[in-house]
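Q: Take a look at the letters that make up each chain.
There are 2 protein chains.
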Amino acid sequence: MNKRLYIQDVATRDGFQIEPAFVPTEDKIALIDRLSETGLAKIEVTSFTSPKAIPNLRDAEEVMRGIRRVPGVEYTVLVPNVKGCERALACEVDEINLVMSASDTHGLANLRMTPEQSLEQFKAIIEVTRGSPVFVNASLSTAFGCPFEGEVPPARVMALVQQLLDIGVQGVTLCDTTGMADPAQVERLCRDALRRWPEAVFTAHFHNTRGMGLANALAALNAGIDRFDASLGGLGGCPYAPGASGNICTEDLVHMFQRMGLDTGVDLDRLLQCAADLPLLVGHDVPGAVLKAGTSDRRYPKPAWMEG
Amino acid sequence: MNKRLYIQDVATRDGFQIEPAFVPTEDKIALIDRLSETGLAKIEVTSFTSPKAIPNLRDAEEVMRGIRRVPGVEYTVLVPNVKGCERALACEVDEINLVMSASDTHGLANLRMTPEQSLEQFKAIIEVTRGSPVFVNASLSTAFGCPFEGEVPPARVMALVQQLLDIGVQGVTLCDTTGMADPAQVERLCRDALRRWPEAVFTAHFHNTRGMGLANALAALNAGIDRFDASLGGLGGCPYAPGASGNICTEDLVHMFQRMGLDTGVDLDRLLQCAADLPLLVGHDVPGAVLKAGTSDRRYPKPAWMEG
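From first to last, the protein sequence lines stand for chains E and Z.
Each residue of the first sequence is one higher than the last, beginning at 1 in full-length UniProt numbering.
Each residue of the second sequence is one higher than the last, beginning at 1 in full-length UniProt numbering.
Just so you know, the hints here were simulated from the structure itself, not pulled from any lab data.
Since this is a predicted model, take the numbers as computed values, not measurements.
There's no promise every hint is true.
What the hints assert, rightly or not - Derived contacts from chain E toward chain Z, CB cut-off under 10 Å, selection only:
#, residue
1, PRO147
2, PHE148
3, MET158
4, ALA181
5, LEU221
6, ASN222
7, ALA223
8, GLY224
9, ASP252
10, LEU262
11, GLY265
12, SER296
13, ARG299
A virtual CB, placed ideally from N, CA and C, is assigned to each residue, including glycine.
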């Protein structure tokens, strides 16, 4: 039980992009700099998308160039197209993260592209990365279910993973985009993927929309997954279910793994200090549980009458 | 994966007892009557404790005598002492649930009894049940950790289980009273208990205080546990951590197991209808996630522009 796990925080991209208010550039940089000192394996810094599409991340270059990059931490950015890739490469990111859907309807609704169209675009993006040391990751949305279509056949997901690897993608993130996955499904799909492509770098990305986020992470762990996306404070939300939680919470995930005796490389106290300042930064409460309850090793004083 | 699971709701006891407001007797009865029609295996109706100690449950007899008992559903009540047992037996309950702590400090703080003193009292209570068909369950609080003392050695927990079975207790609930358990610990302890006492009836009782509730339930399931306590809407709270969640949420647990293809015997739609009325009944929002997000098979309409 001492396998090293890799924890990747997506709050400053996946979280901040849907916040009602723009988080000031200097606050983003300060938060990422603090996260860089926690032992996280990877930080999804921002998205090199159109400022019109996602105004909250219109400061992508400023943030990427403003942060203090800590050796050993990978800095990744979401890249939606060739132009975004060129901008990302100009900032010398460690990794670009491409996003596509496993289901046609979600792809069209969210990206205005079918999976096949996404794959074509990925080829053009990967062409642009030739000669650069950048790592190419692809996040496969709705890999565990589509909010429009329902079940996404595992064979479909596996075929898309194969196509991604064929065109030169190095890492694949299996995303439960709207929190539809259950632990049995997660264990089956992850086990199958790891068995078929033992050399590929797989990440699991879960949402806590229906309370199963950490149970799904546990199932993925049991299947052999060692890389996990999560979001500080549980920031992120679910656009389809107002009031429901979004991404699993980084500090809750790290806390669980740490209590299980697993090595995440993360300093939980430092991470919790980052999370503690998040409500002030975004102007609202965040879903994280450990932030409210304290870690499991928290001790309470005996009732006063017992001390007498 | 089609083993039958038994889901036991504790909201009307564990939840209502700490609510700021008294839930009217007729509302309690109406809720229990609705829960009885959902396929739940067991309902912890109330507590036969002193009305002064827990004023919210001062109507224990009225509630227990007022409900419509559905064949196949077990009705259990918490019983703190001989007098409570006599009151419970007079109401012809199916089960009495005795409560003790696995740790001295929590026992003294919560029940004013060490585990050894609790065991002595249990003997007297069990004496009173002789000749009655009532099932005797004991809930072992802090079995996965004590908020005052920290770790509770597994050997200590196992020794107490042995003592409980020796004095005639038929079922034992391993309780993570303040949400300190982690999945690795849960799997070890539950596996060990089931291996040592294959004939005993074990229940797992988890809190979601640190977000691990359903992950711990999954770990207990993997260990072979088939009986789970949970609370409608996640009602319950944690007296030690204001703002933190309490009991795992019944409908979230049933939803997870159902999505995994497991048989809980519960009609999730009916259960969700009960949960949906809970906020009105208690006057505040409840932590349940599926109630907010809908079940995983919920489908969303395509964006309007895609229909054109």
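Q: Each hint: holds or not?
A: Right, here's what the structure says about each hint:
1. PRO147: OK, holds: PRO147 of chain E within 10 Å of chain Z, min 5 Å.
2. PHE148: Because about 6 Å separates PHE148 of chain E from the closest Cβ in chain Z, which is inside the 10 Å limit, the hint holds.
3. MET158: 20 Å, violated
4. ALA181: 8 Å, holds
5. LEU221: 9 Å, holds
6. ASN222: 8 Å, holds
7. ALA223: Hint violated; ALA223 of chain E Cβ to chain Z Cβ min 13 Å, cut 10 Å.
8. GLY224: Result: violated, 15 Å to nearest chain Z Cβ.
9. ASP252: 4 Å, holds
10. LEU262: 8 Å, holds
11. GLY265: Where the cut-off is 10 Å and the nearest Cβ of chain Z is about 18 Å from GLY265 of chain E, the hint is violated.
12. SER296: 4 Å, holds
13. ARG299: 6 Å, holds
This entry does not satisfy hints 3, 7, 8 and 11, going by the numbered hints stated previously.
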